[in-house]
Amino acid sequence: MSDLIKKVTALLNDKTINAFIGYEKGSANRIRAIFVRTEDQVQKLILNASCTQNLTGYLMKHEVKKLGKLGILANVAALRSIMQLASEFQIKDGEVYVLFANADGSLTEFTDFKSIETFLQTTDTGIKSEEQEMIAKLEAMTVNERWLFWNKEFEKCIKCYACRAACPMCYCHRCTTDVNQPQWIPVASHELGNLDYHLMRAMHLAGRCVNCGECATACPMDIPLNLLTYQLISPIKATFDATAGMKADAMYALSTYKPDDKENFII
Amino acid sequence: MQEFEPKIVAFVCNWCTYAGADLTGTSRIKYSANVKIIRFPCTGRIDFMILMKAFENGADGIIVSGCHPNDCHYSTGNFHARRRWIVFRNLLNFTGIDTERIQFSWVSAAEGFKWADVVNNTVKKIKEIGPYENYNKIAVSTLFNEEGATNE
Ligand code: SF4
Ligand code: SF4
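As given, the protein sequences belong to chains A and B, one line each in that order. Letter by letter, the first sequence follows residues 1 to 267 in my numbering. Letter by letter, the second sequence follows residues 1001 to 1152 in my numbering.
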């Protein structure tokens, strides 16, 4: 019996948690999320190199919240999501039991926010080098070339909103996308509505995105939409000294201000 | 050929720039008629989506203007707006939207001359850059033009 199964069985038995969010084998070679509530479900839990999904998106879904006290299997991105959700008052300290999967397969327990913060300070949380290269490549283009690049990407979007469903930070009950009075985002998968949707999505996640990449992974059309929010990480850090998902009591860069915030474009 | 007359939409706050623009008028300072002014309670209320809507409906340029820092009628609206524009401009630039077409300014109720300058200079700049063709191609008017359905 694996450490994970032993641990989760114990947690369920002593009622520390009512449900545990982890990974199980899906169809074909896929891995999918499982919501473990009973002892026979525990046996389905797996943990291997393919288990990379950031599961924290489920924490905010009301069907999952209803299950009672939750435990979750976390990777680095998930820990950061939990910090960000905490800073947005979505999770209270100690409310979620966090089991962190180390690279060597061993498990670390996190029962409070402080220990997660401390752990993250010495962990690599940056974006991947290939994504960095892609951003640099786009930044080196002319404005018009970038327009054509994104136009081509957004053209593919079928507005399935899988990216929204996958993002741990997209938990609003009523999204701007769904508002129809006024109709902010044209509904059809037309270039205009697609551009609006992506700008809106990126702007609402600016300074909150924890670069987990779930949005791009979820996209059936392979749109690299995660780059939109990734690109904003360094200017937000440089200008406002703010980074998402590192501290449970951090202020969201766009809900605060400094009287001497610097810009160079307002006349 | 007729000279290109850009459509400029100005989003201004009620307390400073709108009053400033009023002063431009009452002082009989002449300025470009290309601008359509839309009054908001505060720059803090000017959602970035509203700017997108202006481009979608055929604007070639946009002006966003409000009270100078520390002068906001609601104390902090323009400070919040400033942060938002810093981030939004980054995003627009990264998605290939021409930030040259959006002019941000602080114009107080006493700066009638400055308002005329901001408008005139913006109109001049947009005349040089030309119509916003990239955006026009995907504008609202194109939404209804496929398969015989028109918006006329
Ligand atoms: S926007 Fe994408 S990368 Fe950022 S937190 Fe949401 S899912 Fe993760
Ligand atoms: S997941 Fe991809 S196709 Fe679906 S709405 Fe998001 S970007 Fe568009």
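Keep in mind that the hints are not guaranteed to be accurate.
[Said to hold, decoys possible] Chain A regions said to be covered by chain B (calculated; three or more residues, Cβ under 8 Å): (1) 200-206; (2) 232-246.
[Claimed, not checked] One side only, chain A facing chain B, incomplete, derived with CB under 10 Å: (3) Leu-70; (4) Thr-142; (5) Phe-149; (6) Ile-158; (7) Leu-192.
Everything labelled a hint here was simulated from the structure, so no lab data went into it. We treat Cβ as the ideally placed atom computed from N, Cα and C, and that holds for glycine.
Query raised in the report: What hints, given by number in increasing order, does this structure fail?
Result: 3, 6
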